[in-house]
Amino acid sequence: NAGVTQTPKFQVLKTGQSMTLQCAQDMNHEYMSWYRQDPGMGLRLIHYSVGAGITDQGEVPNGYNVSRSTTEDFPLRLLSAAPSQTSVYFCASSYSMSAYTLHFGNGTRLTVT
Amino acid sequence: SQQGEEDPQALSIQEGENATMNCSYKTSINNLQWYRQNSGRGLVHLILIRSNEREKHSGRLRVTLDTSKKSSSLLITASRAADTASYFCATDALAQTGANSKLTFGKGITLSVRP
Numbered sequence: 001n002a003g004v005t006q007t008p009k010f011q012v013l014k015t016g017q018s019m020t021l022q023c024a025q026d027m028n029h030e031y032m033s034w035y036r037q038d039p040g041m042g043l044r045l046i047h048y049s050v051g052a053g054i055t056d057q058g059e060v061p062n063g064y065n066v067s068r069s070t071t072e073d074f075p076l077r078l079l080s081a082a083p084s085q086t087s088v089y090f091c092a093s094s095y096s097m098s099a100y101t102l103h104f105g106n107g108t109r110l111t112v113t
Numbered sequence: 114s115q116q117g118e119e120d121p122q123a124l125s126i127q128e129g130e131n132a133t134m135n136c137s138y139k140t141s142i143n144n145l146q147w148y149r150q151n152s153g154r155g156l157v158h159l160i161l162i163r164s165n166e167r168e169k170h171s172g173r174l175r176v177t178l179d180t181s182k183k184s185s186s187l188l189i190t191a192s193r194a195a196d197t198a199s200y201f202c203a204t205d206a207l208a209q210t211g212a213n214s215k216l217t218f219g220k221g222i223t224l225s226v227r228p
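If you read the sequences in order, they're chains A and B. Be aware that the first sequence starts at 1, since it is given in the working numbering, and climbs by one per residue. Be aware that the second sequence starts at 114, since it is given in the working numbering, and climbs by one per residue.
Hints in this document: simulated from the structure, not taken from any laboratory. Do not take every clue at face value.
Label pairs and their computed distance ranges (CB to CB) [as the list claims (entries may be wrong)]:
no., chain 1, residue 1, chain 2, residue 2, range
1, A, S96, B, N151, 23 to 33 Å
2, A, D26, B, S225, 26 to 36 Å
3, A, G16, B, K169, 47 to 57 Å
4, B, T177, A, F10, 31 to 41 Å
5, A, T7, B, Q127, 38 to 48 Å
Which bits of chain A does chain B cover? Going by a derived footprint, with three or more residues having C-beta under 8 Å, they are [unchecked claim]:
no., stretch
6, 15-24
7, 45-58
8, 100-111
Glycine residues also receive a C-beta, built at the ideal position from the N, C-alpha and C atoms.
Given only the sequences and the hints, what does the whole structure look like? Please build it.
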C-alpha cells in the first residue's frame, strides 16, 4: 500500500521556469491538499480539493494552480517560479473533510534560484 | 493565519523522562490533532481529540483538551530516542455555514531525546 506518493523528491528551478509537482494517492480519498513548509512558519495550506473536479484556495494560493481530474491525482503547478517559492511542499489526503486525519507524502524540496 | 501555537519551541530530555508539549489556539474548534514529523519525512498523525472530549490515550501518548482555555497538551511518557522528532498541533476550526473547514497547523515543537 503506497499511500501518498510525491514526485520529484528534489527540484531546482531558475526564476521564471514552470513545473508541476505530482501527487498521487491509492486510498480512494476524496480530500486532497497541498501545504508548504518553511522554517519558522509551520505548514501553510496552498490549495485543496474535496473531490474530482472541485478545488479551492487555501491560505497562500498565489503563484500556484491546481486541478483534480481524477480521485487519485492532485498536481500542483508553479506557473513562473520565484525565489519566494523555495520551500518543502507536502501533499496530504484524507477520507473526507469531516473529522478527518491527514495522510502525508514525504515532500518535494524545491529550490528556486 | 496560524491557529495553533505550540510551546515550548524546543525541548531536550533524557531517555526515560516524560515530555510535555502544549498547544494554544484562538477560535472555537471541532477537533484538535497532533502530528509527528521525523527529519526529511512527511507528517504522521498521532491522535485526534474532539471538542467534547477532555482526555485521550494512545499507547505512551496522553492528550488533554481544555476548551475553556483554548489549549491542549501532549504527554509522551517514558520517552525513547526514537521519539526525537518535530511535533505539530493542528486544529479544525468550527466552520461558518456553507464554508469548508480547513486543518491549520502550528509551527511545531522540536523534541530531542538523548540516549
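Verification of the hints:
1. A:S96 / B:N151: 23 to 33 Å: Given range 23 to 33 Å: holds, Cβ gap about 27 Å.
2. A:D26 / B:S225: 26 to 36 Å: About 34 Å separates the Cβ atoms of A:D26 and B:S225, which means 26 to 36 Å holds.
3. A:G16 / B:K169: 47 to 57 Å: holds (49 Å)
4. B:T177 / A:F10: 31 to 41 Å: holds (39 Å)
5. A:T7 / B:Q127: 38 to 48 Å: Holds: the Cβ-Cβ distance is about 40 Å, inside 38 to 48 Å.
6. 15-24: violated (count 0)
7. 45-58: Per the Cβ count (5), the hint holds.
8. 100-111: holds (count 8)
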